[in-house]
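Student: If you want the building blocks of each chain, they are given just below.
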Amino acid sequence: MVPLWLYLAVAAALFSIGMFGVLTRRNAIAILMSIELMLNAVNINLVAFWRYQENPANLSGQVFAIFVFVVAAAEAAVGLALIISIYRNRQSVIAEDVDVMKW
Amino acid sequence: MTVELLVFLILSALTLGGGMLVVTTRNLFHAGLYLMISLFGVAGLFVLLTAPFLGVVQVIVYIGAIAILIMLAIMLSPNITNLPNPFTAQWPVGAALAVIFFVMLITVVTPVMNELGADDWVNSDQLTVDTAGDVPADGIATLGEELVDPHKYMLPFEVASVLLMAAMIGAVLLVHPGKQAEDVIEDVA
Amino acid sequence: MTGLFENIVSHGWAVFLAKLIGAFVVGTAGLLWTLIGIWFERKVAGRFQDRLGPNRVGLGPKGRFNLSYKFGWAQSIADLIKIFLKEDIRNTGTDRWTFNLAPIMVTMSVVLLWAVIPFSDGWIGTDLNVGVAYLIAVGGIGTIGVMMAGWGSNNKYSLLAGFRSVAQLISYEIPMVVALLVPVLMAGSMSTQTIIRQQYIAFMFAVPMTLLIFLISGQAENGRGPFDLLEGESEIVAGFHVEYSGMKFGMFMVSEFLHAFTLGLLTAILFMGGWRIPFVPLDWVQEGKYLGSFIWNLLGFVMLLSKAMIAYFVLIWVRMTLPRLRIDHLLNFNWKFLVPLSLINLLVVAFVWKAIPGTDAINSFADAFIPSVVLLIVNMAMFLGVGAVLADKGRQERARVAARVYPETVEAAPTN
Amino acid sequence: MSLHPWIFIGLFFIASAALPSVAIGANWLLGPKRPNSVKHEPYECGVEMVGSPWAQFRAQWYVFALVYVVFDVEVVFLFPWAYAYNSLGLFALFEVFVFIALLLVALWYVVRKDALEWS
Chain A
0 MVPLWLYLAV AAALFSIGMF GVLTRRNAIA ILMSIELMLN AVNINLVAFW RYQENPANLS
60 GQVFAIFVFV VAAAEAAVGL ALIISIYRNR QSVIAEDVDV MKW
Chain B
0 MTVELLVFLI LSALTLGGGM LVVTTRNLFH AGLYLMISLF GVAGLFVLLT APFLGVVQVI
60 VYIGAIAILI MLAIMLSPNI TNLPNPFTAQ WPVGAALAVI FFVMLITVVT PVMNELGADD
120 WVNSDQLTVD TAGDVPADGI ATLGEELVDP HKYMLPFEVA SVLLMAAMIG AVLLVHPGKQ
180 AEDVIEDVA
Chain C
0 MTGLFENIVS HGWAVFLAKL IGAFVVGTAG LLWTLIGIWF ERKVAGRFQD RLGPNRVGLG
60 PKGRFNLSYK FGWAQSIADL IKIFLKEDIR NTGTDRWTFN LAPIMVTMSV VLLWAVIPFS
120 DGWIGTDLNV GVAYLIAVGG IGTIGVMMAG WGSNNKYSLL AGFRSVAQLI SYEIPMVVAL
180 LVPVLMAGSM STQTIIRQQY IAFMFAVPMT LLIFLISGQA ENGRGPFDLL EGESEIVAGF
240 HVEYSGMKFG MFMVSEFLHA FTLGLLTAIL FMGGWRIPFV PLDWVQEGKY LGSFIWNLLG
300 FVMLLSKAMI AYFVLIWVRM TLPRLRIDHL LNFNWKFLVP LSLINLLVVA FVWKAIPGTD
360 AINSFADAFI PSVVLLIVNM AMFLGVGAVL ADKGRQERAR VAARVYPETV EAAPTN
Chain D
0 MSLHPWIFIG LFFIASAALP SVAIGANWLL GPKRPNSVKH EPYECGVEMV GSPWAQFRAQ
60 WYVFALVYVV FDVEVVFLFP WAYAYNSLGL FALFEVFVFI ALLLVALWYV VRKDALEWS
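Residue numbers (numbering that gives the first Met the number 0), protein chains in the order written: chain A, 0 to 102; chain B, 0 to 188; chain C, 0 to 415; chain D, 0 to 118.
Derived from the structure by calculation, the hints contain no laboratory data.
Just so we're clear, the structure is a prediction, and the values are computed from it rather than from any experiment.
Don't take every hint at face value.
Far from chain C, some chain B residues (derived; all Cβ distances over 10 Å) [said to hold, decoys possible]:
#1 Leu4
#2 Pro51
#3 Leu71
#4 Met74
#5 Thr87
#6 Leu104
#7 Ile105
#8 Val108
#9 Ile139
#10 Leu162
#11 Gly169
Stretches of chain A that chain B covers, calculated by requiring three or more beta carbons in the stretch to come under 8 Å of a beta carbon on chain B [as the list claims (entries may be wrong)]:
#12 12–24
#13 39–52
Chain C regions said to be covered by chain D (calculated; three or more residues, Cβ under 8 Å) [what the hints assert, rightly or not]:
#14 38–50
#15 120–127
Just so it is clear, CB atoms sit at the ideal spot from N, CA and C, and this is done for glycine as well.
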């Protein structure tokens, strides 16, 4: 089997890529996509740790991953709805332009 | 190099390469497609981790639903093909932070590996063969039983339903403001 | 096959090669089957429209009406050759990779379904324990292909049709998936092979309502029959593939036909008992009693194909008979009727399944008999209820439309 | 659980991508290539194209995708439940009833808001 640390390294790299996207992209939808990448990195970790424990018969890792799916779906739905709503009111999807709360 | 390692490397290349392209592409539609590639790689990794149900679910939910939702949102917003400047001015700081974070994560991972007994962690099946147990033959049935088991995940299961309901109602309210909601927004603005 | 390769290469490689060849054979067989499928469909469609269908191309003996090529069996082959010789046009402003990959993605999404289709007891690509979920997951790839085609074409019609298609595809996926849950629940498995083995009585007799939901949503997923507005000629010229020519267009065509037939196959597998021959015990087939396992497998294969053809014929029938729906009607029908109905149907079946004792271990025709009869009765009651609701809705809708279109007549007419 | 069946799926992926690619490639080789600027214009029923195809679209499409996502995620929970149903008690059915009922309430709300109406 592939050693565990490889999975963890991939997950870490994916998480960092996502973090880069969140910190640097200007478009709000791109930021949301980066967040999805980060959530996926978390999921890889959850499932990898589940698989490499001594007793994988306990499915907690998989169940956790499924709940992450739910959260990701809800987050994407509401997040994109917010972006569309903002676009409608301010004609922009650039995150920096939305600064009404920045005082 | 075993076949499994080869498959793993291909899948991680898909995942990371796709991810890299998602955060760097100017064309947002392409970014969405790369996101799908990346998510597909993750699905493959799930299958490789002997969680085939999760892999399939990843394709159904992430690629089939969430990514399509994102694509539709992308197509609803204008000027996506050639963003004048996709990155904020502070992008070097962000890149540096991401790299630092990555190095940090890797260094955190390493001692854990050592503690678990794989001294030579770069070159080993030591860790895995020794500690990883067998996956249950009928994992999905167990999953189904545990999800609705009152002593296990019944509450999260129902809460998930409530969360989805709230997300649906909230998002629809945001995107499709009825007459009253529009008035409220105008009052606030 | 594996044994043959083992003489040349090591065992691992032998398995790999055998599987690779198997994959290519199944995929090619699927794609070539469309040649027959298209001919069959055109013939049947011709009869429905009171004409002959293809009747020129092909060699054969002189027929009764002095038309020597009466059956036109080679029409598809001629079309195939023609389409290979067409110019491959890519218009200006297209997004090259998106445009070129879209037909491949759409075809992939259909061909991949064949990987888990059990053609017979021993003849199956691979028996996944998540088979049914795999079917759904693969179907999603097609949606992406449609979206890519619509967006990549640099054409307003394509884009608009792409949007419409995606809305339709994703909408009707929900009732389809929920309908698929019913056979999973009754067989206690997601493996397609196990679902067939568990059908001591074909599920279509026990849960006709689910079959109906599955067929309707499947037809809509496929964009045919009354749901073909995503390529409605009078509205959006040819839908999302208006800019495609040559084999790329051919691939969209092939995937549509193959999808229709695959839908028939899936109906046969999930609801009609697949390769199971009626009244033949399962162990005869599995142990190869009396006839030997190859003959049984072959018989099962023929059985599956004929069942699939029956389902396919019904789908063509629906396609040729019903007029096209409007998109608002289409989406309303799904979200306000089909989705709630499919979920309620699932709950009702689950309840009945739990209420009848002995359903957790069905191992013979006798075990399956009582649950099937009870489910059938419950389904009939559901049909009556749904019919009453629909009839009532129809009356209201007609009255509403009449009041809007002919206000004076409605006012003049007696209210009752 | 062995990964054996998934090798075939992987190979099938390759096969199913290769077959249409080969067909399209063969068409590209065999077909004539006579480009001209009129032929390569985007099709607009014979009229020259005006403006970009990027007309602004309504949020309507998004609502459908949104409701779809929610129901799709729900189905993910229902699959293991249906799979294990024979070994579950009546209480599990009740839980799933509540689960589905909540989502149907949400759907009812969305329908009542006319958000799924084609306008």
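Student: What hints, given by number in increasing order, does this structure fail?
Tutor: Violated: hints 2, 3, 4, 9 and 14.
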